[in-house]
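Asker: Protein chains in written order, with the working numbering: chain A, 35 to 191; chain B, 2 to 557.
Be aware that one or more of the hints could be misleading.
[Unchecked claim] Below 25 Å or equal to it, Euclidean Cα-Cα: the simulated BS3-like pairs (lysine-lysine) are:
1. B/312 - B/195
2. A/36 - B/312
3. B/312 - A/97
Calculated from the structure, these hints are not laboratory results. These numbers come from a predicted model, not from an experiment.
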Amino acid sequence: MKHTISVLVENKPGVLARISGLFSARGFNIDSLAVGETEDPTVSRMTIVVDAKDERVLEQIVKQLRKLIDTISVVDLTKKEFIHRELVLIKVNFNKDNKTKLISLIRKYEAELIDTKENIAIIEICSESEKVKEFLEQLKVFGIKELMRTGRVAMAI
Amino acid sequence: MKLTGARILVESLIKEGVEVMFGYPGGAVLPIFDVLYDSPIRFILTRHEQGAAHAADGYARATGKVGVCIATSGPGATNLTTGIANAYMDSVPIVAITGQVKTFLIGNDAFQEADVTGITRPITKYNYLVRDIKDLARIVREAFHIASTGRPGPVLIDLPVDIQLQETEFIWPEEINIRGYKPTYYGHPGQIKKAAKAIGEAKRPILYIGGGVIISGAHREIRELAEKLRIPVTSTLMGLGGFPGTHELFLGMLGMHGTVYANLGIQNSDLIIAVGARFDDRVTGKLEAFAPHAKIIHIDIDPASISKNVKVDIPIVGDAKNVLGQLLEEIGKVPNTEEWLNQINEWKKKNPLRYKDDGKLKPQYVVEQIYEVTKGEAIITTEVGQNQMWAAQWYKFDKPRRFISSGGLGTMGFGFPAAIGAKVGCPEKIVFDIAGDGSIQMNIQELATCVCNRINVKVAILNNGYLGMVRQWQELFYKKRYSHTCLSNPDFVKLAESYGAVGIRVTKKEEVRPAIEKAISIDNTVFIDFQIDPEENVFPMVPAGEAIDRMIGGMA
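So that you can see chain A by itself, here it is in the shape it has in the complex (with noise of 0.2 Å):
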């Protein structure tokens, strides 16, 4: 099952490399990953979304994390109220005959068109993971030629 965890670290070189050789070090799965700093300068977030086959792997995640000098505190956000987003870059191909159908697409899913060139657009959703699945979805059939995703950030209400 898939699990968002919060993880406050202290934001200082390094600290990124402990958290990812951790999971790479005892098999642990990431799903994504998002880094950033917080209202503290001295602290980052880390938002990692996890793949964990059973309870005892994820509380073993957890408490691995826990254990690390850098970490401040760990929270898994899959059990308590909180809500996500992720924000997605697509280019994809662009011409007089599927323009229409593009722009409804964007509007009905409240996207961006952010710029086009030649017979490329670059469309832009920030959105619930479901709701950016769905998206890629319906975009395939306009030829997705590149995408790029920060991965999900989060926070508990």
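Following the hints, put chain B in place on chain A, whose structure we already have.
Answerer: The following block gives chain B in isolation, referenced to the frame of chain A:
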């Protein structure tokens, strides 16, 4: 007054109470060695950095203090890594200091550069690359704090040579505040109550103790609990000495080379009280078949060790000594274990540890004689393999910090430098390294360290001309195809002599005791080359992946 980084480092070590360091000089630590030249810290020059790391480890295990080792950048640092990994697996507090190339050269593939903090990240409890001289004193203070508290472990400080030469005010931080590091020392009262209740209701309880008992100094509390409630005690390799080896309630070691009665005890118990142990695969054997009827109480300072391998019913996070103290206060109902103890004694009588005394020179006999001659008072270090298991099975440890062995990592070449560290820390003790002919050659260069520094350790080489444990597996599981396990060895007597130490050769049973007595009486390092029965095996044995009551060689 302004001091150089090198001097700040050494002053900080003195503030931390460091009396001795083990290490090896080199280009990137020259400023530090210049300060060490006339510092009050005793410096032991080893002949290989790995020896320095193991010596610091042996010193820490024997004394309970933090061991310190130092090496230069690049190869000096990478040579320390086996010793660091070893200390990490066995939760030993050491601080390793490495020189690093100049700050502005880092990342440049400079001469003798290695990404040491990167390399040691997964094998240290924490590590530091010092980037600013102003952080140095604080880093040293934190390093010792992190190494020695909670679940102890190695901490590495990588110190670029230009920072060693810069100057700043030396300000020793009295306070430490690491917001992400707050170990739990006392057990949760609710959990203590639950544990006390479970113990009161148990019919077949067993105490399973590990290295955490020794680290926390909980041996008295374990004994009180066992005696008060009449609960039998089994120990991991790391826990030996945490409960008296000669005690009637002691079952010896459990697991792969444990006693039959310890393993039967675990498998038939209805309550396991695990203290400072981590349910390692060498202990549990086949996980699904481990202790099928038992409820498990697990006391450990490291929450991540709890329910990692085996699902625990009553977890208690805290320091073993404190938690056992809490538990002793809480216990109301005392279980009636007489029937259970009778059963265990029956198993004990039927399946004692044994070996065939056929007139050949047996390694078990050698260990027994070392035990008798030293009256159980020696510090025993071991290498890894058969020698280690025979030492664990046949020497009885009544007190903690007397058995020093590489448990988690299983590092051949550990025992000899660890013996040096132990002897430096406890000069009044007899220190024996029980070694194999394979392992001893992995750090044999430390003979020079012993002789030059007059560190008298005794090395009992159980010489069978094989990498014995691997050969044993080949015999049992690979159709006796002894692939690259037969050794051609040097003359260990002459080798010892060439270093200025003493060598004794023993080929017959009747020579064993006199040789041990002679070795102890000699004021020098002594190698005793015991030429033992070459194909003697360590039994009992649980084959890898089997349940621990499926033992071969030892069940009646």
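Asker: For each hint, tell me whether it holds in the structure or not.
Answerer: Comparing the hints with the structure gives:
no., hint, verdict
1, B/312 - B/195, "holds (16 Å)"
2, A/36 - B/312, "holds (22 Å)"
3, B/312 - A/97, "holds (15 Å)"
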